[in-house]
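Asks: Read off the chains here:
There are 2 protein chains.
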Amino acid sequence: MGAGKKYYLGFDLGGTNMVAGIVDENYTIIARESSPTKAGRSIEVITSEMAEVSKRAIQKAGLTLEDISSWGIGMPSYVNPKTNLLVHANNFGWKNVPIYEHLQKHISLPIYIANDANCAAYGEVLAGAASAYTDAIMLTLGTGVGGGIVMDKKIYSGYDNMGAELGHTKLVFNGIECTCGQKGCLESYCSSTALIRKTRELVDNHPGTMIMELCGQDKEQINGEFIFEAAKNKDPFASSLIEEYICYLAAGISTFITIFRPEVIILGGGMAHAGDFLLEPLNKQLYTSTFAAEEIGIPKVIQAKLGNDAGIIGAAFLEKTMQR
Amino acid sequence: MGAGKKYYLGFDLGGTNMVAGIVDENYTIIARESSPTKAGRSIEVITSEMAEVSKRAIQKAGLTLEDISSWGIGMPSYVNPKTNLLVHANNFGWKNVPIYEHLQKHISLPIYIANDANCAAYGEVLAGAASAYTDAIMLTLGTGVGGGIVMDKKIYSGYDNMGAELGHTKLVFNGIECTCGQKGCLESYCSSTALIRKTRELVDNHPGTMIMELCGQDKEQINGEFIFEAAKNKDPFASSLIEEYICYLAAGISTFITIFRPEVIILGGGMAHAGDFLLEPLNKQLYTSTFAAEEIGIPKVIQAKLGNDAGIIGAAFLEKTMQR
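One line per chain: the protein sequences are V and L, in this order.
When you read off a place in the first sequence, starting at 1, and then add 1, the result is the number in our numbering.
When you read off a place in the second sequence, starting at 1, and then add 1, the result is the number in our numbering.
The hints are simulated quantities; they were obtained by calculation from the structure and are not laboratory data.
Take the hints with a grain of salt, since some may be wrong.
Below are the BS3-like pairs computed for lysine-lysine, each with C-alpha atoms no more than 27 Å apart in a straight line [what the hints assert, rightly or not]:
hint, chain 1, residue 1, chain 2, residue 2
1, L, K106, V, K154
2, L, K155, V, K321
3, L, K321, V, K155
4, V, K96, L, K285
5, L, K61, L, K7
6, L, K6, L, K96
7, V, K199, L, K184
8, L, K155, L, K306
9, V, K7, V, K56
10, V, K83, L, K154
11, L, K199, L, K235
The structure displayed is predicted, hence computed values, not measured ones.
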């Protein structure tokens, strides 16, 4: 990392878009550039475009490469520190690719790569919802469930850097099959995909539910927002779905509390947009569902604050949390 | 901790016995003394006896208090670092007691107290089955299920020191009620108590099982050893019980791997005495039951080596892992 350099290049490589942000020492994104990822293209093409988008962001900020301390990248995968290969990125169709080598061809900065959910958690602790804390756990509840663990203001991702996959901890013994091939993962009960799937399965038994109204009577259009909207309007079917969802989520979070006892739990991703409507009953349920809550208390679940910026800010500061 | 002092006083306060050990810098217990705990007595009486047993051990080692660096104590409870009170020790009937104050009256050494399962894990990493590693998770499978996490050769017990309660992570959503009041805890499926309970429930449906032979046809005498013994002899009922037990245990361990990806998992406690008969199928099942095992591998489950000494050695060296 560059001594005296005061700007950081944070990069979020998502399945749909890639975004580069220039972040200053106060965790403010002073410039950003983006481009569609078009996943499915080769690693050569995508890493070359990542560099281009990054250079545009640097230029937009009125800076040069010399002003930048490092290039931190969050993406939905992880690098095996023993091999330095990107283990697998399902969305991209990559497996064991030498991503550092590819990136270095284009930009000569120290490069740090971490899982995007870890970056988001780190960003929220550095500058977002959990900035008052040092130890937090974040769950990103979207199409999948991402997990990030921050201890003492640093990312914890397991001994070999490939842990903290909180979405793939077991929630239901021998439960629903997950996209990962395992059964009963937290993700297969607490992602928006899981909630929507369950709703579609059961909706025919609940004629007149507001959910069908909201989705224009087209089951395929059901989404998380509609389900929460209907529940807010006291639709009985939607309410029972959300109630059950909260029980699953509380059970999952209770395990993380029982292990880590963090200061705070952060929820991000699409499902967290429900805000207090989700958080209030969740916090209540969590108290009931967690080991020794009465004796020693439990941390509060709060909503993420930075949205997608969390991942960029977290990635930008990976140099402060990772060894390479 | 005393500079230049080369002996450590490790203490294991169990529900049945209390043991003091003098441990040297090579993790060897050079002297030990013990006494029945007689749980149920007041904290004044028990702490006074703890001091006495400890002093006897020091004397037995041919040392004086001046040779001892600190007094480290493992017990089935934890101290709230905010209040310095022992939160609760169910076996003892204590709740929020100022245990440090009581102990200090008798022996003027720096005192460190930690959960006994953490001490055992730490002892195994310092000097036992996991001495070649820095990052390990240990499960103590006995009447209950204790958990210990060691990272970078230090105990990790959560932000507030009251975490790492691995036995009370959720294994089965809405499952069997646990002694802690929660439902579906790992402990309520993977303790010897759980295995024995299940066996007693089902044994009447399996006339002729070797388990009943081994226990002299008295259901109340069924224990873990008999069940494993019958399974080793290919008794079908016992084999199916052990098979199911291994599935539960693998699911529980898979969650810890997915989070921590430690170098090794250590099993201790009565159930671990089954040795390879348990470990071989468990390691196989774990490979099948763990997220991304094929892509990134999984750590091996091994048997603890030090027995009860692990807790004494771990306790003795708490000064190297705890702040006070």
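Asks: Would the pair V/K7 and V/K56 pass a check requiring their Cα atoms to be no farther apart than 27 Å?
Replies: holds, 17 Å
Asks: Is the hinted pair L/K106 and V/K154 satisfied, with a Cα-Cα distance of at most 27 Å?
Replies: violated, 38 Å
Asks: Just to be careful, I want the Cα atoms of L/K199 and L/K235 compared with a cutoff of 27 Å; is the pair within it?
Replies: With a Cα-Cα distance of about 18 Å, the restraint between L/K199 and L/K235 holds, given a limit of 27 Å.
Asks: Is the hinted pair L/K155 and V/K321 satisfied, with a Cα-Cα distance of at most 27 Å?
Replies: holds, 22 Å
Asks: Would the hint linking V/K96 and L/K285 be met if the CA-CA limit is 27 Å?
Replies: holds, 25 Å
Asks: Has the given pair, L/K61 with L/K7, been kept, meaning a C-alpha gap of at most 27 Å?
Replies: Given that 27 Å is the threshold and the Cα spacing comes to 16 Å, the pair holds.
Asks: Decide if the proposed pair is consistent with the structure: L/K321 and V/K155, CA atoms, cutoff 27 Å inclusive.
Replies: holds, 22 Å
Asks: Next pair to validate is L/K6 with L/K96; report whether the Cα-Cα distance is within 27 Å.
Replies: Not satisfied, since the Cα-Cα distance of roughly 34 Å exceeds 27 Å.
Asks: Next pair to validate is V/K83 with L/K154; report whether the Cα-Cα distance is within 27 Å.
Replies: holds, 20 Å
Asks: Need the status of pair V/K199, L/K184: alpha-carbon distance at most 27 Å?
Replies: holds, 23 Å
Asks: Please verify whether L/K155 and L/K306 have alpha carbons no more than 27 Å apart.
Replies: holds, 19 Å
When the structure is compared with the earlier hints, violations turn up for hints 1, 6 and for no others.
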